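Could you build all of it, start to finish, from the sequences and the hints given here?
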Amino acid sequence: MHSFGFRANAVLTFGITILALICAMASISDNFNSPRPSSEIQILNINWFQKQPHGNDEIEDFQVWDVVPICLFSPIDATAAMVSLTMNITADLQSLFTWNTKQVFVFVAAEYETPKNALNQVSLWDAIIPAKEHAKFWVQTANKYRFVDQGSNLRGKDFNLTLHWHVMPKTGKMFANKLVIPGYRLPEEYR
Amino acid sequence: RVETPLSEPRYLYYLLIFLCSQILGQFLCLVLQVPQLNSTREETRQRPFFFAISFYLRAQRQREKRMGWVRKTVDSVKSLQVKQVLLRAIGLAMVFTSGLILWKALMCMTGTKSPVVVVVSGSMEPGFKRGDALFLYKNKDPIRAGDIVVFNVKGQDVPIVHRVIEVRNAGFQQLHYCLVGKTGDANDMDDRFLYARGQLWLKPQHIMGRAVGLLPYVGWVTIVMTEKPVLQYILVGAVGLLFLTSKD
Numbered sequence: 001m002h003s004f005g006f007r008a009n010a011v012l013t014f015g016i017t018i019l020a021l022i023c024a025m026a027s028i029s030d031n032f033n034s035p036r037p038s039s040e041i042q043i044l045n046i047n048w049f050q051k052q053p054h055g056n057d058e059i060e061d062f063q064v065w066d067v068v069p070i071c072l073f074s075p076i077d078a079t080a081a082m083v084s085l086t087m088n089i090t091a092d093l094q095s096l097f098t099w100n101t102k103q104v105f106v107f108v109a110a111e112y113e114t115p116k117n118a119l120n121q122v123s124l125w126d127a128i129i130p131a132k133e134h135a136k137f138w139v140q141t142a143n144k145y146r147f148v149d150q151g152s153n154l155r156g157k158d159f160n161l162t163l164h165w166h167v168m169p170k171t172g173k174m175f176a177n178k179l180v181i182p183g184y185r186l187p188e189e190y191r
Numbered sequence: 001r002v003e004t005p006l007s008e009p010r011y012l013y014y015l016l017i018f019l020c021s022q023i024l025g026q027f028l029c030l031v032l033q034v035p036q037l038n039s040t041r042e043e044t045r046q047r048p049f050f051f052a053i054s055f056y057l058r059a060q061r062q063r064e065k066r067m068g069w070v071r072k073t074v075d076s077v078k079s080l081q082v083k084q085v086l087l088r089a090i091g092l093a094m095v096f097t098s099g100l101i102l103w104k105a106l107m108c109m110t111g112t113k114s115p116v117v118v119v120v121s122g123s124m125e126p127g128f129k130r131g132d133a134l135f136l137y138k139n140k141d142p143i144r145a146g147d148i149v150v151f152n153v154k155g156q157d158v159p160i161v162h163r164v165i166e167v168r169n170a171g172f173q174q175l176h177y178c179l180v181g182k183t184g185d186a187n188d189m190d191d192r193f194l195y196a197r198g199q200l201w202l203k204p205q206h207i208m209g210r211a212v213g214l215l216p217y218v219g220w221v222t223i224v225m226t227e228k229p230v231l232q233y234i235l236v237g238a239v240g241l242l243f244l245t246s247k248d
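Sequence lines, in order, name chains A and B. The opening position of the first sequence corresponds to residue 1 in full-length UniProt numbering, with each subsequent residue numbered one higher. The opening position of the second sequence corresponds to residue 1 in full-length UniProt numbering, with each subsequent residue numbered one higher.
Because the hints were derived from the structure by calculation, they are not lab data. Do not take every clue at face value.
Output of the computed footprint for chain B on chain A, the stretches with three or more beta carbons under 8 Å from beta carbons of chain B [claimed, not checked]:
id, segment
1, 103-114
2, 170-184
Chain A is nowhere near these chain B residues, computed Cβ spacing over 12 Å in every case [unchecked claim]:
id, residue
3, Leu15
4, Leu16
5, Phe27
6, Leu32
7, Gln81
8, Leu86
9, Ile90
10, Val95
11, Ile101
12, Leu106
13, Cys108
14, Asn139
15, Gln156
16, Thr226
17, Pro229
18, Val236
Here the structure is a predicted model, which means the values were calculated and not measured. Backbone N, C-alpha and C fix where the C-beta goes; we use that ideal spot for every residue, glycine too.
Right under this line is the structure:
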């Protein structure tokens with residue numbers, strides 16, 4: 001009854017139960033936060049807009065990493081069209097942070113429709129916001145990831161830019177939502 | 001072939017197994033009942049304080065009442081009778097069945113083969129660190145960009161946790177989408193090099209589920225036990241000894 005084993009067992013069981021309860025309550029407290037984020041995205045310039053020839057040179061220019069040329073593993077269709085654009089992204093995501101937030105993952109995706117695919121979502125840029133102080137930001141950047149289509153449907157295409165945010169907590173449920181900004185258009189001709 | 005979430009009739013099937021096993025277990029315990037056990041139960045009924053604590057704590061306390069160190073354990077092992085061993089074994093089997101049924105129920109509710117996974121690589125840092133437990137959920141909703149998915153690559157048994165960066169919905173019915181993921185938040189490369197030879201896209205049947213919740217540090221137990229299998233045997237042995245030699 002008063003042995004070391006009994007006491008250790010009781011402490012451990014009780015401790016784990018209480019910890020689990022605290023994690024659950026921390027997660028539930030996140031539901032009381034009503035976020036009001038805002039954002040604006042401006043496309044400053046379409047740097048280039050090309051139909052991919054069936055070769056490796058174009059793709060290597062565009063790569064961000066230099067370890068392995070990605071074309072070896074993901075051959076792009078010979079008719080694929082690719083875009084590079086510069087964007088101005090401003091956002092205020094401070095209201096998303098609670099005491100239970102570890103980080104907020106934010107990314108910008110282009111959404112459009114083609115005859116072959118009802119929905120295409122291509123992520124263009126992403127960032128990790130580790131703390132509330134960094135949540136109000138302005139960034140001017142070219143797209144981090146390829147904006148490429150599975151065909152040559154991008155000429156004159158209307159697309160939406162959506163800002164998605166993914167709140168990753170210290171414990172518990174993750175929340176994700178987005179803000180859709182419609183009304184962007186790609187040029188009619190390649191350049 | 002599209003994998004469908006585990007369907008409703010299985011709930012009833014598992015519930016039936018559970019009820020049968022519990023009834024059988026209780027019946028066997030009644031048949032094999034030894035007098036000492038009755039007195040143990042009466043003793044604890046005289047202490048109403050115990051009922052305020054959880055049932056598990058109460059059962060543990062009864063078991064630990066006479067657990068001492070090695071000498072006492074060896075003594076009790078020596079004094080085992082067949083009936084006692086059988087009763088312990090039945091008790092153990094009932095606990096295992098309950099645990100199994102709980103796990104199966106969880107599988108049915110979340111629609112995945114593995115409702116909880118442990119992060120073993122650091123590719124999703126700083127969001128998910130090595131040793132975090134992730135809760136998965138899968139339903140008919142299509143996967144969209146930004147979802148954190150856990151998927152299996154053919155030929156590899158360890159599933160991978162990454163975030164989706166590209167979605168192509170090739171079909172006007174839902175579920176015919178193809179997507180590619182990013183090699184974790186810490187990298188900027190897409191993870192096509194992880195897929196099987198010639199595979200460019202992830203299809204719905206490759207996805208185990210979407211990560212919806214997180215518990216930090218809990219997965220270290222699993223990681224340590226997987227990397228040092230000897231600990232598994234020690235743990236199972238200790239639990240077995242505990243159950244066989246306790247007085248409940």
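Hint check results:
1. Counting residues of the segment 103-114 of chain A whose C-beta sits closer than 8 Å to any C-beta of chain B gives 4, which meets the bar of three, so the coverage hint holds.
2. Counting residues of the segment 170-184 of chain A whose CB lies closer than 8 Å to any CB of chain B gives 7, so the stated coverage by that chain holds, three being the minimum.
3. No beta-carbon of chain A is positioned within 12 Å of the beta-carbon of Leu15/B; the least distance is around 25 Å.
4. No beta-carbon of chain A is positioned within 12 Å of the beta-carbon of Leu16/B; the least distance is around 30 Å.
5. At the 12 Å boundary, the C-beta of Phe27/B stays outside the reach of chain A, the nearest C-beta of that chain being 30 Å off.
6. At roughly 27 Å, the least C-beta separation between Leu32/B and chain A is larger than 12 Å, which holds for a residue marked as non-interface.
7. Annotated as non-interface, Gln81/B keeps its C-beta farther than 12 Å from every C-beta of chain A; the closest such distance is 24 Å.
8. Once the 12 Å rule is applied to beta carbons, Leu86/B is consistent with being away from chain A; the minimum gap is 25 Å.
9. With a minimum CB-CB distance of about 23 Å to chain A, Ile90/B clears the 12 Å threshold, and the non-interface call stands.
10. With a closest Cβ-Cβ approach of about 15 Å to chain A, Val95/B is found to remain outside the 12 Å limit, as its non-interface label requires.
11. No beta-carbon of chain A is positioned within 12 Å of the beta-carbon of Ile101/B; the least distance is around 20 Å.
12. For Leu106/B, the requirement that its beta carbon stay farther than 12 Å from each beta carbon of chain A is met, with the minimum near 15 Å.
13. The beta carbon of Cys108/B is kept farther than 12 Å from every beta carbon of chain A, the shortest such distance being approximately 20 Å.
14. Here Asn139/B stays apart from chain A, with its beta-carbon at least about 15 Å from theirs, past the 12 Å limit.
15. Even its closest Cβ contact with chain A, about 16 Å, leaves Gln156/B beyond 12 Å, as expected for a residue assigned away from the interface.
16. Consistency note on Thr226/B: stated as away from chain A, and its beta-carbon is indeed over 12 Å from all of that chain's, at 21 Å minimum.
17. For Pro229/B, the non-interface assignment is confirmed: its Cβ lies about 23 Å from the closest Cβ of chain A, beyond the 12 Å cut-off.
18. Separation of Val236/B from chain A is adequate, the least Cβ-Cβ distance of about 17 Å exceeding the 12 Å criterion.
Violated hints are absent here; each numbered hint is respected by the structure.
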